[in-house]
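Student: Spelled out, the chains give:
Protein chains: 2
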Amino acid sequence: MTMPAFLAVDAGGTSTRAVLVEPDGTCLGYGVAGGGNPISAGPERAASAVVAAVRSAASAARRSPNDVGGGILAMAGSGVHTDTAWVSNALTAAGFVGDIELRSDLLATFFAGTYEPEGYALVAGTGAAGIRVKNGVVDRAADGLGWLLADVGSGFWIGHRVVREAVAALDGRAKPTALTTLLVEALELETESGTDADGRPGVLRLVTDAVYRMRPVELSRFAPLAFRAAGDDAARAILTDAAAALARLFGAVASPDLTGPLVLGGSILAQESVVADAVVTAASASGLVSETRQVPDGVIGAAVLTLRSAGVDVDADVFERIRDSLGRLR
Amino acid sequence: MTMPAFLAVDAGGTSTRAVLVEPDGTCLGYGVAGGGNPISAGPERAASAVVAAVRSAASAARRSPNDVGGGILAMAGSGVHTDTAWVSNALTAAGFVGDIELRSDLLATFFAGTYEPEGYALVAGTGAAGIRVKNGVVDRAADGLGWLLADVGSGFWIGHRVVREAVAALDGRAKPTALTTLLVEALELETESGTDADGRPGVLRLVTDAVYRMRPVELSRFAPLAFRAAGDDAARAILTDAAAALARLFGAVASPDLTGPLVLGGSILAQESVVADAVVTAASASGLVSETRQVPDGVIGAAVLTLRSAGVDVDADVFERIRDSLGRLR
Numbered sequence: 001m002t003m004p005a006f007l008a009v010d011a012g013g014t015s016t017r018a019v020l021v022e023p024d025g026t027c028l029g030y031g032v033a034g035g036g037n038p039i040s041a042g043p044e045r046a047a048s049a050v051v052a053a054v055r056s057a058a059s060a061a062r063r064s065p066n067d068v069g070g071g072i073l074a075m076a077g078s079g080v081h082t083d084t085a086w087v088s089n090a091l092t093a094a095g096f097v098g099d100i101e102l103r104s105d106l107l108a109t110f111f112a113g114t115y116e117p118e119g120y121a122l123v124a125g126t127g128a129a130g131i132r133v134k135n136g137v138v139d140r141a142a143d144g145l146g147w148l149l150a151d152v153g154s155g156f157w158i159g160h161r162v163v164r165e166a167v168a169a170l171d172g173r174a175k176p177t178a179l180t181t182l183l184v185e186a187l188e189l190e191t192e193s194g195t196d197a198d199g200r201p202g203v204l205r206l207v208t209d210a211v212y213r214m215r216p217v218e219l220s221r222f223a224p225l226a227f228r229a230a231g232d233d234a235a236r237a238i239l240t241d242a243a244a245a246l247a248r249l250f251g252a253v254a255s256p257d258l259t260g261p262l263v264l265g266g267s268i269l270a271q272e273s274v275v276a277d278a279v280v281t282a283a284s285a286s287g288l289v290s291e292t293r294q295v296p297d298g299v300i301g302a303a304v305l306t307l308r309s310a311g312v313d314v315d316a317d318v319f320e321r322i323r324d325s326l327g328r329l330r
Numbered sequence: 001m002t003m004p005a006f007l008a009v010d011a012g013g014t015s016t017r018a019v020l021v022e023p024d025g026t027c028l029g030y031g032v033a034g035g036g037n038p039i040s041a042g043p044e045r046a047a048s049a050v051v052a053a054v055r056s057a058a059s060a061a062r063r064s065p066n067d068v069g070g071g072i073l074a075m076a077g078s079g080v081h082t083d084t085a086w087v088s089n090a091l092t093a094a095g096f097v098g099d100i101e102l103r104s105d106l107l108a109t110f111f112a113g114t115y116e117p118e119g120y121a122l123v124a125g126t127g128a129a130g131i132r133v134k135n136g137v138v139d140r141a142a143d144g145l146g147w148l149l150a151d152v153g154s155g156f157w158i159g160h161r162v163v164r165e166a167v168a169a170l171d172g173r174a175k176p177t178a179l180t181t182l183l184v185e186a187l188e189l190e191t192e193s194g195t196d197a198d199g200r201p202g203v204l205r206l207v208t209d210a211v212y213r214m215r216p217v218e219l220s221r222f223a224p225l226a227f228r229a230a231g232d233d234a235a236r237a238i239l240t241d242a243a244a245a246l247a248r249l250f251g252a253v254a255s256p257d258l259t260g261p262l263v264l265g266g267s268i269l270a271q272e273s274v275v276a277d278a279v280v281t282a283a284s285a286s287g288l289v290s291e292t293r294q295v296p297d298g299v300i301g302a303a304v305l306t307l308r309s310a311g312v313d314v315d316a317d318v319f320e321r322i323r324d325s326l327g328r329l330r
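Protein sequences appear in the order of chains A and B. If you're matching positions, the first sequence starts at 1 in this note's numbering and goes up one per residue. If you're matching positions, the second sequence starts at 1 in this note's numbering and goes up one per residue.
The following block holds chain A by itself, in its conformation from the complex (with noise of 0.2 Å):
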């Protein structure tokens, strides 16, 4: 009889990822599925789809569902939405024994990038927020309040700026910009469409309907046009906007009495970019980030947060094991 294995679940709101961990920090298995967020895919959904990539993940590990122990699954909302029976009951009734808790998606970002149990993350993908890590536990949270409210500097704030801007030009009431010609083509419209009754481009109305088919949030999906554009003003200015925005963010969960690694995720922060780097320089300003680190996505965390559940000792090695191990997994 094997030990079973502990489970860690990063379920995010386009895709799921899950493995099984050893207490050493030795991964056995990984999965990837679709949307595991009960909020955004609601609960039978992410259910199905954390269920398929546990299934991938023990499947890959050749471990029969029980002998795949309990863990934790990472999640957006996990603050409020604080009930399991979604995917606990999924996962029983597909064979597997062990409890799952719930941790901040926020968390399990951090911990991908840090063993340390204190410090930063700030993570900007189609939301933005941020955090402090005190003792291995979120002590201060700000923004991600959504994109009506704030979400201040994520792709959907530079996708929505990025609309705007293109269709303020269009629409005469400012000057011409890069990004129009960009969004046009995004949407696949005609550019020579003509003049319409009211004296404006044809392809305004074309663009207008286009964009009001779209649920707000997916307005996202335009904020590479603003990193592809850096050389046109108005694109700059959005970049510049969001970066200051993010910065503010930081500021939002400092203290001057923690200092720490300070964890960037999320498409508009994991990789290199004009914005990225800005709140690098700015955050590191405070004196209070030892070292930056930027990660893709929060499985590891979530790896380090179900070893930490077992009472696991996570340091520099295990820590180490856990991403080299998991490195030749995907």
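Wrong hints could be hidden among the right ones.
Given that identical chains are not distinguished, each listed pair holds provided it fits within a single copy or across any two copies.
[As the list claims (entries may be wrong)] The list that follows gives simulated cross-link-like pairs (lysine to aspartate or glutamate, DMTMM-like), each with its CA atoms no further than 20 Å apart:
1) Lys134 with Asp198
2) Lys134 with Asp196
3) Lys134 with Asp313
4) Lys175 with Glu192
5) Lys175 with Asp241
6) Lys134 with Glu118
7) Lys134 with Glu116
8) Lys175 with Asp233
If you're looking for bench data, these hints aren't it; they were derived computationally from the structure.
With chain A fixed as given, assemble chain B onto it according to the hints.
Tutor: This is chain B only, laid out in the frame that chain A set:
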């Protein structure tokens, strides 16, 4: 037998005004009902409101439906939703016999302030739009593109900024502002709600939940908070930015070879305010504005459009007669 009087309807999103007018400009009866825009209220409810307003106007004029002639109905979206069946059928069913033509609500706002066939109108209510008028018709329009894409400087735009600034202060991402207290009061929430698990004030969650229960455009109800807190830095910045945006809107429709009156409408511009003052100052600096007028709605303009459509030369005398006689009716 009496001569049929002409019909003029100003069908807005929240209320509809109807007036019967004689060729010399004498208004015979006036009626008001609920929202009559088929796009926002749906065609059936909008048609019921229009019929109610027209019936009320006819009754006040002591006219039976078959003594009421045709006329025009001014509404937002008239350039796109050109079909009149929704309202014609309802009026016919109620015994009214004349034909109804649609006109732009912005043009009705313009002619509510002047009989001159050339000039400008800016409207900032829930939305924001501007037009240049030439030969009595819209020569160029700008904005009016809705809350997600533009409507810069509108009631929605101001209310949205109010909420975002109030929330940013609660979230520690911006310095305290008087807007927070005003918003919490307007939402009838408890200020003393302790601190949540993320180290944030509990009232932040209450505000967030309350705002996400609203339709986005409803955020326009918070625009008055910015005017009430005009001494506050954040509130002043919002109003300054709104005025600058509306000045740019004027710039988008201004033509160097067209001088005429500037008519201001909508809740943000129809009254004396720091925003209206700043917009008038900026627009007047162009040298293209002969005079400015603030109008509460477009019903006078609908009457002007009805008479112009019937071939009446609406001069200063006719215009004053419409204003005076309608003023006595309402």
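Student: Going back to the hint list, which numbers does this structure go against?
Tutor: none
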